[in-house]
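S.K.: Fit chain L to the supplied structure of chain Z, relying on the hints for placement.
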Amino acid sequence: MAPLEPSLASNLFSIGAERLALLGKHHKALMQGYLDGHIDETAFSEAALKKLIAARILWRPDEQQPLALRPLVSELIASMVADENRRQINADVAEKLEQIRNRVQAYRDAQFKGDYSVAELQLQRLTEHVHDLSGQFEEAIDSLWHRLNSDFGFVSSLDDKIRENERAQKQLRRLLDGLDLLDFNELIELSEGNNHLRKLLVSQLQNQLSSHHSSLLEVQKRLVQLLAKFRQQQARSMLIANMAAFLRQHPKYQPADYPNRSELPTLFNQAAAIRPQAAIALDKASERAVLAELVRALPRPSSIELPEQHSASFAELMVDEEIAARQQALKTDVENFYLRVIDQGGKLSALEYLAQQKLDWDSEIWLYQILAEYQALPLEEKRMFGILRDEAPASNVNQLLLIRDIQIALKAA
Amino acid sequence: MLQHGPLLERLLAGDFICQISDEDGYRHLSDEQTQQEINHYLRPLNRRLVSNDDGSVFYLGYHELSKEAREHLSSQFALTVQSLLPLLEWLQLVQETLGRDSALTAGDTIKLQEFVLRTEDNQSLRQRLNALASDRFFNSQSEQLDSQVKLIFRRLKEHGYLLQPHSERQYYIVTGKIDHLLDVIRFIRDEEQLPVDDTPSQEALL
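These protein sequence lines map, in sequence, to chains Z and L.
Sequential numbering of the first sequence, starting at 1, is according to our numbering.
Sequential numbering of the second sequence, starting at 1001, is according to our numbering.
Just chain Z, with the same shape it has in the complex (with noise of 0.2 Å):
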């Protein structure tokens, strides 16, 4: 330690260090402090609560308040923790500037009398003085990229933020500005003649505050994008709130006619599916063995009997050929049906596909016969076909099931 006199240092030694033992032995209660805002004061005896206020670790800001941690103290904390709610930025410059300039001063005026311990001593001060306005900045990029890298996930809402984020540019603005403070001819000046200052505040301070000044650009930089994406965020937000609620209270709302302009907005150019097909090419003998093995791989039918027989009986017994026409087309829609369920190997809504291929049968009729031809096929073949069948009750006390939409698929063989 610097030759201060030894019963003032020696007295100093003995206070701090009872004082930092203080912390360490009420260490969960004060951390419970810090967490609730305010000390339980049940929790200490009375001689203790009386040896931390004397310490000045814990303070009663007003008289109707209860006791909290001192702000120099949760400040320690916060930062020991690194708790981006609670971590203060010091961006005071102009203070320790002034500081250093006094200690060269008086480091220089010691040296000149010759006092040599003075002097020592004088220049342990300066080197702290200058590490701790490089720590300054340190600490305070130290939390800025933790609040940054966690995406300010220390506050919940968008809104809380943004609004951190605004307060960290201002953080680092006001330390940009310090830095802007410093004068490194001022400095050079200052260190003429003396190695040691020179050294101290010219290459060490000099290379350590450019390397802080990159930081703090760069955080900048990511400060502002990502302040951007918030606000982004937000607009999605509120564009997603205001326009459901918008067509909540105009439900019969319709854009214009956006697909029949002849300037036709890209947004609204989706094309329709085409699903590229392929088949065996026949003209390959090379494929022949693939197409053979295909074929011999197709469920058989046990009997070759169609099973059209069924319901053509109907349509013979019509002798208005034109209504036979008629049953005859809705049969062939009906298969062409089953064809499309085995072809696409899904299920698939009779109701969809009627719409889908604008068949103009009534959708009674349309169920009626896709059922009818359901019951007509043999049983190995039925075997092949899921049915499901969408239905309700006719009323609330009519249990009777009314048929609204017929679902096929599909079974694996």
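Treat the hints with caution; some may be incorrect.
[What the hints assert, rightly or not] Quick list of the computed label-pair ranges, beta carbon to beta carbon:
1) R1118/L to A54/Z: 47 to 53 Å
2) E98/Z to R1118/L: 54 to 60 Å
3) E1023/L to Q65/Z: 56 to 62 Å
4) E63/Z to T1199/L: 43 to 49 Å
5) G386/Z to T1199/L: 50 to 56 Å
6) S1075/L to S395/Z: 30 to 36 Å
7) E1023/L to R163/Z: 34 to 40 Å
8) R288/Z to L1045/L: 30 to 36 Å
9) D1024/L to S395/Z: 52 to 58 Å
10) D92/Z to E1023/L: 44 to 50 Å
11) D1024/L to E186/Z: 54 to 60 Å
Read the hints as simulated data drawn from the structure, not as lab findings.
Backbone N, C-alpha and C fix where the C-beta goes; we use that ideal spot for every residue, glycine too.
M.R.: Here is chain L on its own, set in the frame of chain Z:
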């Protein structure tokens, strides 16, 4: 062109290609040279590559607007308009249910089970979900929360808004098609000068 076969097939089938739905494909499509090649290839099919304003999603549009093309686009547009409110309500519901601080964006993950659990115990969320599920767009006939949610997510997957990385695992990733939806909404709003704000009022800023 050969190496883009599967990508072309997806595009032709009407898929939206974004960074989430097909990372490689998206990278290829972002390349101007490839875009030209694909457009050249698609020309006889009367198709061309289209992207949204910020180029986050690609799909196929018509090269020439024939009568058939216009007809298809009209019916497509009618469906889009019909689907706006249910999709917006779904977006809001997910945001509120999962307690997120911002709207869903491409790349966000939704766990179906978490969504169900949070809806289950909340009467008002439950009611909103019920109303949403029975909307024509989702068309659920079920009264069961679980199957309603499953149906809603399945429909959104079919429409390309969600991606399910593992068919047996119930979690979904939001695709870039949601950007297209928001672009459409923004377009309609601007075009029709609807009183729909997306910037916070001056008061909120201060």
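S.K.: Kindly indicate which numbered hints from before are broken by the structure, ordering the numbers from low to high.
M.R.: Violated: none.
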